[in-house]
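Using the sequences and the hints given, assemble the complete structure.
Residues in the sequence shown are numbered consecutively from 27, following my numbering.
Wrong hints could be hidden among the right ones.
Claimed, not checked - EDC-like mimics (lysine to aspartate or glutamate), calculated; alpha carbons at most 16 Å apart, straight line:
id, residue 1, residue 2
1, Lys223, Glu189
2, Lys111, Asp123
3, Lys41, Glu268
4, Lys174, Asp123
5, Lys223, Asp200
6, Lys39, Asp117
7, Lys174, Glu114
8, Lys41, Glu114
9, Lys29, Glu140
10, Lys39, Glu95
11, Lys39, Glu189
12, Lys174, Glu95
Rather than coming from a laboratory, the hints here were simulated on the basis of the structure.
None of these values were measured; they are calculated from a predicted model.
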Amino acid sequence: MIKEIANHRSIRKYKSSPIDEEVLSDILHSAARASTCGNMQLYSLVVTLDARVRAELAPCHFNQAMVTEAPCVVTVCADVHRFSKWCEQRDAEPAYDNFEWFLNAATDALLAAENLALAAEAHGLGVCFLGTTLYTARDICRILHLPKGVIPLTTVVIGHPAEQPPLTDRLPLDAVVHYDRYKDYTDAEIDELWAEKEASPETSALLAENGLPNLAQIFTRNRYRREDNIAISRAYFELLREQGFFNQ
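Next up, the structure:
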């Protein structure tokens, strides 16, 4: 998978042709082989192939065209519901309706999602992770009929690419890797780590488009604003309560 990892890119334009059933089955089996807490597999993958259901989901993802153009949309969910039911049917009292087990289930789910994406790319398909899932999780729960103990975390669009965008940049490895202990950054190191990204033509275009003096302000003022972050957080925490992750 080293090649797929190195060449990963988000694909936002897709051909409408369906994914071969055997290929999709292989991708899903690969997702199910991901590492998991206690071998409990605390996740569910809701695979939406029906165009009518994808059309229902589209507003949850700001009507991005890829949700209806791509043949497959996978909603990745943290799921303690299934394991809890198994316990109850065997006279074992489950205790997974709390925030610790949301975190365990979220870890399981996101590991499965990465396996899913890598396997899809290994088959020559394109993928795109949709962060909009967190913004509209309540509506997604309603559309997909998610029971208590299940909550969406991310969505992966999968299909045959209709574009080949360039690789997006990444910070130098020194920015994200710490040996032995966390080493905090000096102001000079922060400047150095972001220097190449800030000097790129892509950043220049973004600055002109947004009318702002630097890239950081694009993130804080336009992309991920404080008021939006707080509103989304409050809504998601409330949904966690409703879905039974804050009962204890």
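Inset, instruction - Provide an ascending list of the numbers of those earlier hints which the structure does not satisfy. - result: 1, 3, 6, 8 and 12
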